[in-house]
Structures are given as C-alpha cells and as structure tokens.
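Colleague: Okay, here's what each chain looks like letter by letter:
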Amino acid sequence: MIADFGYGIFLLSFILSIYAVFAAIYGYQTNKYTWVESSRLAMQLTFPLITITSGILVYLLVTDQYHVSFIYEVTSRSMPLYLKITSLWGGQSGSLVFWSWLMSSFATAVTFRKWDRDREFLPWVVVVSSVTLAFFVGLVIFFENPFEKFWQTFNGDVVTAMFQPAGSVPFSPPDGKGLNPLLRHPGMIIHPPMLYLGFVSFVIPFAFAIAALITGRTDDRWTRITRRWTIVAWLFLSIGLILGGRWAYDVLGWGGYWGWDPVEIAAFMPWLVGTAFLHSVMIQEKRGMFKEWNMILIILTYAMVIFGTFLTRSGVLSSVHAFAQSAIGPSFFIFIGVTLVVSTALLIYRWKDLRSEAELTSMLSREALFLLNNLLFISIYIVCFWGVLFPLISELFTGQKVTVGPPFYERATGPLFAALVVLMGIAPLSAWGHSTIKTLGKAAWKPATAAVIGLLAIIFVGKVTNIYAIIGFFAVLFTSFITLYEFWRAAYARSRAQKENLVLSLWRLFGKNRRRYGGYLIHLSIILMAVGIIGLEMFQTETQGTLAQGESLTLGEYKITYNDLAIFDSNDNRNLARATISVEKNGQFVGELHPRRDYFYESQQPMTIPGVRSTIQDDLYIILVDWQPITTEGATFKVYHNPLVNWLWWGSIMMILGSMVAAWPEKDPEPRKVSSNAALAAAD
Amino acid sequence: MPNPKFKFLLGGLFILAAVVYLIFSSTQASAQYFLTVDELLDQQAAMVDKNIRVSGAVIGDSIEYDSNELKLSFTVAHVTGDNNEIEKNGGLAVVLHQAVINPANNTLKVVYVGVKPDLMRNEAQAIMTGHMGADGVFYADELLLKCPTKYEEAVPEQAEG
Chain C
221 MIADFGYGIF
231 LLSFILSIYA
241 VFAAIYGYQT
251 NKYTWVESSR
261 LAMQLTFPLI
271 TITSGILVYL
281 LVTDQYHVSF
291 IYEVTSRSMP
301 LYLKITSLWG
311 GQSGSLVFWS
321 WLMSSFATAV
331 TFRKWDRDRE
341 FLPWVVVVSS
351 VTLAFFVGLV
361 IFFENPFEKF
371 WQTFNGDVVT
381 AMFQPAGSVP
391 FSPPDGKGLN
401 PLLRHPGMII
411 HPPMLYLGFV
421 SFVIPFAFAI
431 AALITGRTDD
441 RWTRITRRWT
451 IVAWLFLSIG
461 LILGGRWAYD
471 VLGWGGYWGW
481 DPVEIAAFMP
491 WLVGTAFLHS
501 VMIQEKRGMF
511 KEWNMILIIL
521 TYAMVIFGTF
531 LTRSGVLSSV
541 HAFAQSAIGP
551 SFFIFIGVTL
561 VVSTALLIYR
571 WKDLRSEAEL
581 TSMLSREALF
591 LLNNLLFISI
601 YIVCFWGVLF
611 PLISELFTGQ
621 KVTVGPPFYE
631 RATGPLFAAL
641 VVLMGIAPLS
651 AWGHSTIKTL
661 GKAAWKPATA
671 AVIGLLAIIF
681 VGKVTNIYAI
691 IGFFAVLFTS
701 FITLYEFWRA
711 AYARSRAQKE
721 NLVLSLWRLF
731 GKNRRRYGGY
741 LIHLSIILMA
751 VGIIGLEMFQ
761 TETQGTLAQG
771 ESLTLGEYKI
781 TYNDLAIFDS
791 NDNRNLARAT
801 ISVEKNGQFV
811 GELHPRRDYF
821 YESQQPMTIP
831 GVRSTIQDDL
841 YIILVDWQPI
851 TTEGATFKVY
861 HNPLVNWLWW
871 GSIMMILGSM
881 VAAWPEKDPE
891 PRKVSSNAAL
901 AAAD
Chain E
7 MPNPKFKFLL
17 GGLFILAAVV
27 YLIFSSTQAS
37 AQYFLTVDEL
47 LDQQAAMVDK
57 NIRVSGAVIG
67 DSIEYDSNEL
77 KLSFTVAHVT
87 GDNNEIEKNG
97 GLAVVLHQAV
107 INPANNTLKV
117 VYVGVKPDLM
127 RNEAQAIMTG
137 HMGADGVFYA
147 DELLLKCPTK
157 YEEAVPEQAE
167 G
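Sequence lines, in order, name chains C and E.
If you count the first sequence from 1, you need to add 220 to reach the working numbering.
If you count the second sequence from 1, you need to add 6 to reach the working numbering.
Be aware that one or more of the hints could be misleading.
[Said to hold, decoys possible] Only pairs whose alpha carbons sit at most 35 Å apart, straight line, appear in this in silico DSBU-like list of lysine-lysine:
hint, chain 1, residue 1, chain 2, residue 2
1, C, K666, E, K13
2, E, K94, C, K397
3, E, K56, E, K77
4, C, K666, C, K719
5, E, K11, C, K658
6, C, K779, E, K77
7, E, K77, C, K805
8, C, K397, E, K77
9, C, K666, E, K11
10, C, K719, C, K658
11, C, K805, C, K683
12, E, K11, C, K572
Treat the hints as calculated values from the structure; they're not laboratory data.
Same shape as in the complex, but just chain C (with noise of 0.2 Å):
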C-alpha cells in the first residue's frame, strides 16, 4: 500500500518536472513572468515530494518489506540497520530514485539565490534542471520501478508487477538476497553518493551555461556564478574515486587501487573534462578568452556525467558491447545524443559572440599555459573514451573484437600526467599576457636547484635506478619545491609590507585569494598522491610461502613470522579465520599483523581481509592465502611491500582541504580583468 503510495508521488514529481519545463519556456517567450515564477515553485515541490518517495523506501527497507522486489534484492534481515538505509543506492533502480533526489534538491538549493542581477537566466536553469531531473524521475517510472511486488499467479509463478495481476496473490519471502559482503565497506557505502554528488552538482554549471547561450548573455557572468558549484562538483567527484580506490586497496586483495576497468574510467571522464573546465574557466574571467572553448567543456562535461551514470549504474563491466543490456540502455544514449545536439546547435548559433576579448601572443604566457594544461586534460580524456570505445571500433573495421588493458592506458596516460605534473609547477610562475625563458627562469631556478639537489640525494643516497621513477620524481619535487616557495615569496613579501608575522600573513593571504591558495595546496596535495602512485607503481615488491608455525618469510628489510592462526564463528554468521603474524624490521620486532578471511554464511561469499602494517615510509600488506585442515600444518600468505602509498592518502585529504579553502564563500566577487602588461603575475 504504502509502496504505490510511494510510487503515486513520484509520478507526481515527473508531472511537475515536465509542467516546470515547459512554464518557465512559455513565460521567456511571452515575457510574463509568474509563468516563470510558476515553474520555479514547481522546481521546489519535486524536492519535498522525492524526498517523500525516497523516504518511504528507506522505510521499506529498514522494515523488512521484501514483497517488494527491490527490497528483496538488496536487503536482507541480518543486515545491520545502516547497510539497509544506504542498500537505498545498493541496486539501479534505488539509485536512480536517489540521483533523482539530490538533482531536485541541488536545483531546489540553486533556485533559491537572489536573482535579481541574473533574472533572464532563471527560466533556462529551471528547463535544464528539471529535463535532467524529468529523465531520470522517468527512468524510475517507465523502466526501472523500485516499488514492483512480487505476486504468485494461480499456477505457482512468481512474477514481479507494480499492479496485481488477475487471478494472482500477493507473495513475500522470507528473506532478502543481502548485501555482497565485499561491498559492506565505508568506502563502497559513501562512495556511490559522492560520485553523484559530483555528477549532479556539473548540471549546474551546465544549465547556466545552456542559459547564457539562450539569452546571449555570454559574459563571464555565468562562470561567476558556478564557480563554487564546479568546485564543490569536482571536490565530490575526486572523493568519490579516491574511495573507490581506497576499496580496492583494502578489500580486493591485491595490494592495487585503480584497475583501468570500464566503470572506473566512466567516473574518471567526467573528472578530466571537469579539470580542464574549473582551468580554463579562470581564463575567461580574467582575460575575456576561450570562452568557446569553455562551453565546449562544460557540455562534454554534462555528457559524460549522463554517460558516466549510465556505466556505472548498468552493471557493464568488461565490454562495452553490453551497452544495451538493460532497458535504460537505449533511453540514456537516446538523451544523451539529443542533448548533445541541441547544446552544440546553441554553441553554433552564439558562435560569434563567444569571441576572444583577447589574443594569444605569448607561448609562455599564463593564458597560453592554461590552454596546454587544458589540452593535456583533454588528450588523457581522449584516450580513455578511445580505450573504452576501441572494441567497438575495431568490430566495426575489422570484425574482430579486439580490446586494450591497463598497460594501454598507463601507457598512453603516463607520460601525458608528467606533463601536467611538470606545467603544475611552472605555470604558476608566469604572468598573464606575456612571459619569456627569462622571466620565469628568474622566477624558477631556486626551486629547480632545489629540486636537482633533492633528485642527486635520491639517487645516490634512495639508491633509485629506474629512469620513470627519476622522471617522476623530479617533476614531483620541481613542482613541489616551486609551490612551497610561492607560499614563503608571497607571504614574506606581505609580511614585510604589513610587517605582520610570517604565520599571520600566509593566513591572511589565503583569506584574500582563497582560490589561488587552495588550488596550490590542491596542487600540493596532487604532488603527494604522485608521490604515492610512483612508490606503488615503481616499487611495489612481493613474495609468497607457505609457512608451517614458526618459520618465517622475507621481503626487503621485513621479516615475518607465522605464529598462529584461529579459526572460529563470530555471532553475526561469520566464519573467521584468522592468522597472527609477528614482524620484524630489520631484526626489529615492530607489531604483530591479523590476515583473516571471513566466509559469510548467509551469501556463502568468502571475504579476504589483508594485515595491513601502515606507515609514512611504507605498507607491508598481507594476505592469508590459505591454510592446512590442522592449522599447525601451516598456511599460505602472500606479502607486499607499498612502499609510500600512504602519502596517496594523506594527499586526498589535503585536497579536501584545498577545494574547502578554494570553494569558502567570499563576498561576492567582481569582474577583475587583469591586463596583459600586468606585473608578474605570481608577485601580487
């Protein structure tokens, strides 16, 4: 009952969302407007009704009402209650339900600014907004219905269907299907709703850009005004894919963090293509430039958020050849392709006013090394969409399915993030307009002394051999050296003309650019995820045994000992197993380790959970691999040595930090343009 309640006010949403299109469009054109008015209080009650809708689900789930399909496939009773509100985002058709409701809140949230500077916009924000919110609200009611119920027909069937079916009873069993236990992480729960918080909160920008090109407003306006959403969107969609990873690391068991899986880089795309877009974005506030270029991405930004959704939420994996494996699969590429159309039709149509206020003349100007940097982004982006596609591709021309793997992409990739690593450093030393060899020499070569020191101290005292890894290591340290000093050159200067404290002044001078200061630290803080992608990547070391009680097994300075293992039930059907294991560093006793694998009764799945020894330096990573009937026998282990793969994740979170210090409201800001014979522009 409660459940086609449920579903009754959804469909009332999708009603609202389709009325709100089409008021705020008749009020634009025939300038009367409370229609306008109208489809913004429209926009608003989808928000209360979705939430009404996501909110019964919840209820359904958390009571055990498994003679709803839904809730039978992804609860069930021995789940604790946590697991079974967030199962909300558990399956496709939840998650579309709850996408659905952070799209109408975030549009809620957008519709209640002042508008009184950006009226003509409105309307079109609320089209965009409610088209996206409409299709997948649509979804959810055509395709992929959370509240079906089960219902057995006279000769025993049971059959899913949202209204009974003549002659059939209601049916419910027992219990549900449950939760994967390899899912029931921190980082798998939190993670789906961070990539859609990042994927909903690009609409945004979206939509004022769709407005802008629709009323010709195509100033700068637009980017003001979404700044901090394209911050807040890119915050969420990085922590998103750093939970994803950090899952992998800590349950997959293979000591990895990022596979090069379809479903990854569906996320990872409109990640690229945002990154360049929050770039270049900057440009055109400062200097009237690429503001093409800035549509450009932000329409591919919103195409391959829809794009991504529908990847990760369809359940292909490893072939894009399953693209159409659900019933969604043709609606998506069907929204997809006409929203494409229409936005590059707008794109076409103000072609001529998106002209530059500015040119290009300098190679190493500012604006000149943002557009490498968005060019870099863009060229990674493409060759992620070609190594997904490629299959497809390659069916086409020569009948023969053909894909490519991980060493494709860092392959291909490699190279292309040392650049950018490299530009990162570099291009904040330059100034707007025009910049030479000389300039920014002046203004680099102390950190890149620096940075050569630290690079011989590595070498011969780290004992690195591997070329990449050098590589690696110079742009990380040339590019951290020259943005440590921007802080200490900006800060002492200040301190010297306010005469204020060293400390006081690195605080107040990232109170008055907040965006600047947090991207650095941003920049900082990608420095160090590279740090622990190199030391992973490069230096990862492993080895396996199977040890009887007592003997023990080495790998670099470590050794460790197989002391014990146990073997027992827990009280929430599990089955433990459980190995204790004591290591050495360097003939020192440092801790003791606890490799166990779990076996869930209830979904008889296995679960490996590694002993995980973690440090700044390094992490000795182990797995209990198997073991003998009669313990004393011995068990088999594999270990690994990480070396620096922490500093990945205390990296994620100082950029946590840097987008909150990036993206803190300030009053609002005016334009400031910046002209091309301005001072050096790190000076300021």
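Since chain C is already given, all that's left is putting chain E on it; use the hints.
Modeller: Just chain E now, kept in the frame of chain C:
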C-alpha cells in the same frame, strides 16, 4: 619574430602528433583479442601466444587450488557474448547457470597463478586475460570475476595484475 599564430599552430600540431602517437603505439602494444570460448576454440591454432581476453562461466566442480604454488586451475563453459541474446534468455545469471549445467557446451581449461579471488565460485562469470598455450590450456595473467546471482550491483572488479 615569426607570427605568434604560426607558433601556436605548430605547438598544437606537435601535441596532437604526440597524443596520436601515444594512442596508436599503446593500442598496438596492448591490444587483446576479445573472444568467447567457442570463438577461441575455433581459431585455436591461430591464437596461440597472442594476447587474448576470454570470458566464460566457471564450473564449480572444476576449481582446484594448490596453495603451495598459488596455482589456481578451473574450467569455464562457453557463454555468448551477445547481450541481446543474454537478455532474451533471461539475464546473465540464468545464462551462466545454463552454460554450466549443459554438458554439450564447449569448455576451456584455465590456469592462473596468484591469490584465489573471493568471487571464484560456481557459475561466476570469469574474464581472463592471458594467452593460449599449445597444450590447449589457457594461461591467465589476469582474472576478473563477476557474480550476478548474489546481488544486483556488480562488484567493479576482482583483479590481480
């Protein structure tokens, strides 16, 4: 001083060339033939020592694990790669189940050295990357597993490089 536009054009072309080179050389270096078990067995001789990705349904009874050597061997049964066909036959879980219980299906023996993945079980879909040995056994370097029966959402991957 040359025209700045010309310089930018040159720089742009250089980047373009670099990216095209990276994409094509990397594609060639890591291209894998994506085959079903039937397709692989059809062209077995031609495929020996080529880089191959093949998928099939794991036959539970065939799973053997030698934990001393970390050597995992199992047999997979042919599953169609055509998704329309999978949909038509009742979804992936049903298709995998049918593949395993039908003795007429072609099968392929697989050997993989590494930690046995948690998802390795009867009627899981296995996607293996590796090469075909002259002995008719598929030597996998990488093993991805997917269990559609237990939960709606697929686990992104269970891989070992």
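Colleague: Each of the hints needs a verdict: does it hold here or not?
Modeller: Against the structure, the hints come out as follows:
For a cut-off of 35 Å, the pair hint linking K666/C to K13/E stands: about 29 Å separates their Cα positions. Distance restraint check for K94/E and K397/C: the Cα-Cα separation of roughly 24 Å lies within the 35 Å cut-off, and the hinted pair is therefore satisfied. Distance check on the hinted pair: K56/E and K77/E sit about 22 Å apart at the alpha-carbon level, within 35 Å; holds. With a C-alpha separation of about 25 Å, the suggested pair K666/C and K719/C falls inside the 35 Å cut-off, and the hint holds.
For the hint linking K11/E to K658/C, the alpha-carbon distance of about 21 Å falls within 35 Å, and the restraint holds. Only pairs whose Cα atoms come within 35 Å are accepted, and K779/C paired with K77/E is accepted, the gap being roughly 24 Å. Among the hinted pairs, K77/E with K805/C is consistent with the structure: their alpha-carbon atoms are about 29 Å apart, no more than 35 Å. A hinted pair counts as satisfied when its Cα atoms are at most 35 Å apart, and K397/C with K77/E qualifies at roughly 32 Å.
For the proposed pair K666/C and K11/E, the alpha carbon gap of about 32 Å is at most 35 Å, so the pair holds. For a cut-off of 35 Å, the pair hint linking K719/C to K658/C stands: about 31 Å separates their Cα positions. Of the pairs offered as hints, the one joining K805/C and K683/C holds, with about 19 Å between alpha carbons and a cut-off of 35 Å not exceeded. At most 35 Å may separate the alpha-carbon atoms for a hinted pair to count; K11/E and K572/C meet this at roughly 20 Å.
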